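Keeping the supplied structure of chain A fixed, place chain B upon it in accordance with the hints.
Going down the list, the protein sequences come from chains A and B. FYI, in the numbering used here the residues of the first sequence are 555 to 1186. FYI, in the numbering used here the residues of the second sequence are 9 to 466.
Careful, some of the hints might be misleading.
To be verified - The calculated lysine-lysine pairs, modelled on DSBU-like cross-linking and capped at a C-alpha distance of 35 Å, are:
#1 A/K1123 to B/K413
#2 A/K1122 to B/K413
#3 A/K1109 to B/K39
Hints are computed from structural coordinates only; laboratory data are not their basis. The structure displayed is predicted, hence computed values, not measured ones.
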Amino acid sequence: MGYQAGEYDVIVIGAGHAGCEAALASARMGCETLLLTINLDMVAFMPCNPSVGGPAKGHVVREIDALGGEMGRNIDKTYIQMRMLNTGKGPAVHALRAQADKFLYQHTMKETIEKTDRLTLRQGMAEDLIVEDGVCRGVVTKTGAEYRAKAVVLTTGTYLRGKVIMGELMYESGPNNQQPSVKLSESLRKLGLELVRFKTGTPPRVHKDTIDFVKTEIQPGDESPKFFSFETEYSDRANEQLPCWLTYTSEDTHRIINDNLHRAPMFSGAIEGTGPRYCPSIEDKIVRFADKPKHQIFLEPEGRNTKEYYVQGLSTSMPEDVQLQILRSIPGLEKVEMMRTGYAIEYDAVVPTQLWPSLETKLVTNLFTAGQINGTSGYEEAAGQGIMAGINAARKVKGEEPVIIERSAGYIGVMIDDLVTKGTNEPYRLLTSRAEYRLLLRHDNADLRLTPLGHEIGLIKEERYEKFLEKKAKVEAEIGRLKEIRIKPDEEVQAMLASRDSAPLQNTTDGITLLRRPEVAYSDVEKLSPSPVELSEEMKEQVEIQIKYTGYIEKQLQQVERLGKMEKKRIPDDIDYGIIHGLATEAKQKLDKVRPLSLGQASRISGVTPADLSILLVHLEHYNRVTAARGS
Amino acid sequence: MTEDTIAAVATALGEGSIAVVRVSGPEAVEKIAPLFRSRLDLREAPTHTVNYGWIEDPADGAVLDEVLVTVMRGPRSFTAEDVVEISTHGGIVAVQSVLELVLRSGIRIAEPGEFTKRAFLNGRIDLAQAEAVIDLIRSKSNRAFQLARRQSEGALSKRIAPLRQKLLELLAHVEVNIDYPEHDVAEMTAAAIAETCGIALQEVRMLLKTAAEGKILREGIVTAIVGRPNAGKSSLLNALAHDNKAIVTDIPGTTRDIVEESVSLAGVPLRLLDTAGIRETSDVVERIGVERSRGALNEADLILLVLNHHEPLHEDERLLMKELAGRPAIAVVNKIDLPGALDLEEVKREIPEERIVFLSAKEGEGIDRLEQAVSKLFFSGGVESDDLTYVSNARHISLLHLAAKSLEDAIAASEAGIPIDLIQIDLTTAWEQLGEIIGDAVGESLLDQIFSQFCLGK
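Okay, chain A solo, but in the shape it has when bound:
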């Protein structure tokens, strides 16, 4: 009953945020690519909050864009609100967050995919992998279609053995009542992959016309919004923004929840999967933080042409009737109509320490996984892995080395290294505090960090790359100029300093020294000594940040350099940890499980001590010398 349905270089299973980036990257790098999805109407669907970005997550979107991915461009075309967060803090943690028109977001992404050369989008449920001699060769769908490929990327999100839970009700389902994928999970288990059960949830959606906005606070977008993609032009940036609204839970809310805890699957034992601490359900928050009198609730429009509002802060798996009571206990929602019920969803995920940093599975060659299947949560985290899996699948097909982003080069690198080195015992969310080089991984310099790589692997086109090089050169030239200029303590300068509450200048100084004063901005120095060439706002911002935070940036760069030696020390693939004399047993087991590619990666495995690393290093040196001796 099976039939040969086609041959591709790369097949991507699942067209969520990871799958879309993986498929686009692969096709744009020249690979014939098939993107399979259970439901064509669900491409790039946002099953939870209708927003993109925020601290760390927004950084990832910028990085995806800097590499030549789609998420940044897509949200810039479909946003209904933009806000730059953390503007009162340092430049490294400025973070863009957009509210999306979730329907437009989907359609726009689908259109981009449909228009992309070498990319085939098809509806179909993958049920089995074709694996020959430990190498993945394709997939078989429910309808018997057998697609052959040189590499397969799994981006199945929360669909694997998905189970939706609302109070006492429980049924097999993917998100938003989609068909779950049951057989593929079994197929992975049969291949020997270890799976875990994770849980996530989503709040109810309500009807706009039944909200009393007077009782809430307005949360408008920024007046002059910034954008995610380095390509988006100022002229594209004219879009009327929609506000969000803030309200709070009440005493009644807390009472209703406490009265109904016996019906909450979180506490009745019906939920077996591990949920994320950073995204708890409302019942969880009220039990764990009983002292907190009220919790924030944000009301967010799901799009321009819909009345549906997302109730952020109210993720819950309470029974439907209790959900309605909870909603109506909240100021502004007394008469609200619930359009969709909130739910918890359990799903299977792959234990991510079974992956190489390229996101290829160690067990099955040419099989890659990305996104929620790897134990993460969030659209941005998924997309960040998606683009890397797509890139590395394409490179594998072409016989090229995988691309691995260092922890010091991007949040994507931090995330993937965390996953494959440490694993995760709850759905993994990126936080800026996970990055040890936070100051280097800024929102503003994502292009400086990753666009050269994007160009090298063929995802950044010449025209964009030239613009990038021009920006880089102009920024460097301006920094060089500021170093040279002499600023005398004349009236104009002293007046400027006085207006900024900065101490008067004693001696002639250079532009850099002046700009390093915390009170002085680039625009102040610019007035005293304008640049001879025209600089864009982004360039000026870059000049200012690089100069102002030099001391801290240098400190982190030195750390990177010091640890970089460890990262460069490669560990051979075929190393047998069992025979290394002197390694502690725990270290042997952990190293054998993770199989780190470098000494740096080995150092981040919990349970591997500095002594174990020293011993490993001595062993590697021994090994290298013996190998060299044999070779000669």
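Coordinates of chain B only, in the frame set by chain A:
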């Protein structure tokens, strides 16, 4: 492979007449040169030469020890890197204080077996010996681990753990402000950060002070007894020794002929310098000359200036009193059993009154007053023997110094209006440095703290 520069004591502690601090790495010569006072700048010293001089703390010019410094430039050295070896006097005090200074100047303490590891990696040790190198690393690490474990159950951990917890709560709060900017968690202010850091810094400084005191308790206060002939130095020495019947050691010095005796005063060990000299010639100043006596005075943690109650002040004594200004000195007015001829007003002008003790060494009267004065001088009003063993080794002390520096940086940054996420860099560093002392893994605890302290989520 270029490496950082490391240091450690390369000889067995407490044994032998000399001890060696070994420094290896690209900055070995560069970093030690400013600490070494000699006719020759160490940077200009030819390779494989031994240089005579003093290790001096550049911060305050205090001389720590008289040393021989050997320079061996790579690759002709044990590790094949630039190596500097500082030979100090034996025992613990000199070598530990030199190591502390070396670590304070930005050199890292070597991991167990690291010199040998480097020697191996740089090809100085034969391939056949690889296994022996591994065994050395393993056994040294195991011993260090056991030591650290014992420490982690000890008093130091008990002081550091709550300090770290305070910092961790602060870190978690700042992180929540950064990662959840729209959440209803109050913004952490620079002033609040500075305040918490200030409290932490005070505590770290206390620990460092305790470290100095703890070292004294274990290793003794280096004490010089000075004074004119016939002032009664040897009878004071005898009184102290007799009173205690506790002459602990009799260590002949190797490169100088000063003999040390150790006596216990109020439970505080005093290591008396040049006791033989006092017994034989009755006069340090005369015997070893003015220069050497100044050296002895510089070395001492405590100087007992013995004055004769029965005679007027001598010119030498006036000079000595001037010399002792600002130093930890006590004037012992001896022979109070005899009629007084000493100009006490003049003594009081030079030495604060609480540091003048009247006694009769011959009659054994007033030794208790001397005990009190010593206690007061060293333990700011009383010995707390339980608290004094917290900070035991150079590694801990150097980490405490680093943590203090990081906290100072954090405070300075918050006062300068630097954004909180940058202040966080110094805060995190301080937290990690304190963690290294008690051997606490960094890992997930910040995230754990964030999610247990704050109610977050969408």
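Verification of the hints:
Only pairs whose Cα atoms come within 35 Å are accepted, and A/K1123 paired with B/K413 is accepted, the gap being roughly 32 Å. With a C-alpha separation of about 31 Å, the suggested pair A/K1122 and B/K413 falls inside the 35 Å cut-off, and the hint holds. Pair hint A/K1109 plus B/K39 holds up; C-alpha atoms about 19 Å apart against a cutoff of 35 Å.
Of the numbered hints given earlier, the model fails none.
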